[in-house]
Amino acid sequence: MWSGLELPFALLINVVFSVIGYFLTIKLIPSFAEHFIVANLYGRDLNKKSDKKVPEALGVICGAIFLVCMFFFIPIPICKLFIGWKEPLNFDHREFIQFIGALLSICCMIFLGFADDVLNLKWRHKLTLPTVASLPLLMVYYTNISNTTIILPKPFRYIVGSEFDLGLLYYLYMGMLAVFCTNAINILSGINGLEVGQSVIICISIILHNLVELSGPVAAYHRFSLYFMMPFLGTTLGLLRFNWYPSKVFVGDTFCYFAGMTFAVVGILGHFSKTMILFFIPQVLNFLYSTPQLFRLVPCPRHRLPKFNPETGLVGMSKARFKPSEMHILGSFIIRIAEFACVVDVKRGLGEDGQYMEINNLTLNNFLLKILGPTKEQSLTIILLCIQAVCTAAAFFIRYYVSTFFYD
Amino acid sequence: LHTIMVAAEVALLINVVFSVIGYFLTIKLIPSFAEHFIVANLYGRDLNKKSDKKVPEALGVISYCTGIIYSTVIDLLLYFIDNLLYTCREFIQFIGALLSICCMIFLGFADDVLNLKWRHKLTLPTVASLPLLMVYYTNISNTTIILPKPFRYIVGSEFDLGKLLIYNVYIIGLLYYLYMGMLAVFCTNAINILSGINGLEVGQSVIICISIILHNLVELSGPVAAYHRFSLYFMMPFLGTTLGLLRFNWYPSKVFVGDTFCYFAGMTFAVVGILGHFSKTMILFFIPQVLNFLYSTPQLFRLVPCPRHRLPKFNPETGLYMEINNLTLNNFLLKILGPTKEQSLTIILLCIQAVCTAAAFFIRYYVSTFF
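Chain order of the listed sequences is A and B.
In terms of my numbering, the first sequence opens at residue 460 and continues consecutively.
In terms of my numbering, the second sequence opens at residue 161 and continues consecutively.
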């Protein structure tokens, strides 16, 4: 691996580039915002009184600056910069290949994500595009590392042995990881600053995990992950400055694609994907809570974001109104159980002839609003981000304490 | 040694198969997505036709999408088969090249969507060349050039640009990297300004691509075969997907390619020229583009007023073109030929391109032996 003396130096340069990335993002977003509106890339903030056009898909600027920072960073972990244009002696080809392969996947993802935002592709493309963009990553993994064994927790060892080679299934898992991360961030959204905010917290969690592990046996993997996470943090914070309540720009699906793929890349090439999924606990909970609507067991409206009340200036639960007969039989069964467990707000006998029923839309936002009652939009975002942070702490607890019972 | 030769041929064959698949995939995808482009506000109107129909723009992006998928898959297969020949270095070059091309098409598409300013047409290719330069630097670091005979008496037969020390700073080495960085800008914009009539950008790119392929095939039996094989791995899928695009872009155009395509093509050519070490020969294939650029310079540098569109003027009554005295190669030909049909003009320009390719081969293989 890379020699010890240069590495803190490389990390330092990475931090400098990340800071530069932050200031570049802050400067470029306002300059290009007009172009987006002229190009028909805008939305309207459904949670505000005004009907102003808000530029959309600004995640593309964040991603482009990230790539540029990474391009300039490419030679630094590898070459002794100030000694001259000589060829370095201890050059680790493998790590370089991983680096470039990872950048290729991220670049491809940002491009496809931007194309999705511009062309408004169909819903099924949200599953295929991340898979396509993962191909370079999978390939680099195959030709470079090829390690598809997992270590099993203690209870299973008596059955199968301490290691288990997943083979092709491992590649399937890696391919799906990008799809998962991307869409997990995408569906926990709808209020100003939520997508970017949650990504920032997940990123900081990963950085903390990396820093802890830097003194461990697999430091090189975590250093690799830091080279990506820090510029990501820099550019994303720049984006958050304009996306935080009240949002001056929207990030679009481009950002969710970009963030999801970057997380998947560091998780796979840093070999800590299980820990990373632990950082996604709120997203997973949101996804599970949403499943009846996502799989159309229960009717699913076009927008499920919280509903704005112009008089009070607060947001409340948004509801889906339908006839009970429109529900799938499994859906109505699930709703009854959920109603019993008080996780869903159900009202029956509404509308003309009392034919309609109403449930709150099945997202984590609406669930919190059920508990808290109508709240200010900014407060709701902050609460959700706190939940994300608490879950990170829980993840660390599980990873470092609970897992000692299952692994050596 | 025999097994190495067989492995190389199998790899090339698989590359050809994928290029053909790329062609058919492009043909299928372009019609399916054309509507999306119009809805998304990415369309133009054909100024050279009577009708005012909307024509989807920036379809170059689809050509690329199929290209990236196939390049990636090809890469995997080549690793399997070409394992004997494919060293770590070549793999790094391959991925670095793909990264540059991917980045270029991303930035090119952003330019088409957001309508960025003119100066960005110079900065975007430079930015997208960065991975290429970085990979080159960490991998090859060979900045020696062979000088033509007249210069040899002065400096010697080889001249290492990288070792020229001036106050301990490697300035000339930097110049070579500057040249490489500019190559992408040159190729991109050279294709972009020789345009304006149906099928011209794509047509000229196809001919340049075929020229490069021919050059590569000739050199395959030479001493630097590995470089030319590397170039073929890119040029053949490019040819496949671009022919698919040409099928819809040829007169009368059902789709426009947008700046995205010029960026894509320019960067791909720059990549193979640099990593295949034949950039000087490649520039010879760009003679018509260079002539067009030189002829345009007074207008490009605003020494003479330059209107927004400089394409030949269409006469709706006769259905022919008339010259409008803008300084482009198109207009120059119309001055010589008089009013012509659009399709004929395109064909004539492509023939000129092919003739220039032949001249380039002549210069490269015959004239250069004198030097």
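It should be emphasised that the hints constitute simulated quantities derived from the structure, not laboratory data.
Please read all numbers here as calculations on a predicted model, not as lab measurements.
Just so you know, not all the hints are guaranteed correct.
Stated by the list, open to error - Listed next, the in silico SDA-like pairs over lysine to any residue satisfying Cα-Cα at most 25 Å (straight line):
| id | chain 1 | residue 1 | chain 2 | residue 2 |
| --- | --- | --- | --- | --- |
| 1 | B | Lys440 | B | Leu335 |
| 2 | A | Lys585 | A | Tyr501 |
| 3 | A | Lys508 | A | Lys835 |
| 4 | A | Lys585 | B | Cys511 |
| 5 | A | Lys486 | B | Val287 |
| 6 | A | Lys581 | B | Val199 |
| 7 | A | Lys581 | B | Asp271 |
Stated by the list, open to error - Some but not every residue of chain A turned toward chain B, in silico, with C-beta under 7 Å:
| id | residue |
| --- | --- |
| 8 | Leu487 |
| 9 | Ser490 |
| 10 | Ile496 |
| 11 | Ala498 |
| 12 | Phe530 |
| 13 | Pro534 |
| 14 | Gly560 |
| 15 | Leu562 |
| 16 | Cys566 |
| 17 | Phe570 |
| 18 | Leu578 |
Positions of the beta carbon are idealized from the N, C-alpha and C atoms, including for glycine.
Check: Taking the closest Cβ pair, is A:Leu562 under 7 Å from chain B?
Finding: Holds - the Cβ of A:Leu562 comes within 7 Å of chain B, reaching about 6 Å at its closest.
Margin query: Check the hint pairing A:Lys581 with B:Val199 against an upper bound of 25 Å on the C-alpha distance.
Written below: Status holds; Cα separation ~13 Å.
Margin query: Interface hint check: A:Cys566, Cβ to nearest Cβ on chain B, cutoff 7 Å. Holds or violated?
Written below: holds, 5 Å
Next item on the list: Grab the minimum C-beta distance from A:Phe530 to chain B and call the hint holds if it beats 7 Å, violated otherwise.
Entry: holds, 4 Å
Check: Are the Cα positions of B:Lys440 and B:Leu335 separated by 25 Å at most?
Finding: holds, 16 Å
Next item on the list: So, A:Pro534 near chain B? Judge it on the closest CB pair being under 7 Å.
Entry: holds, 5 Å
Check: Can A:Leu578 be said to touch chain B, with a Cβ gap under 7 Å?
Finding: holds, 4 Å
Next item on the list: Verify the interface restraint on A:Ala498: the C-beta must sit less than 7 Å from at least one C-beta of chain B.
Entry: holds, 5 Å
Checklist line | Status of the A:Ile496 interface restraint (C-beta, 7 Å, chain B) | finding: violated, 10 Å
Margin query: Would the hint linking A:Lys486 and B:Val287 be met if the CA-CA limit is 25 Å?
Written below: Holds: A:Lys486 and B:Val287 sit about 18 Å apart, inside 25 Å.
Notebook entry, point to check: Does the interface hint hold: is A:Phe570 within less than 7 Å of chain B, judged Cβ to Cβ?
Noted result: Holds, about 4 Å.
Notebook entry, point to check: A:Lys585 and A:Tyr501: Cα distance at most 25 Å?
Noted result: holds, 20 Å
Checked against the numbered hints listed earlier, the structure breaks hints 4, 8, 9, 10; every other hint is satisfied.
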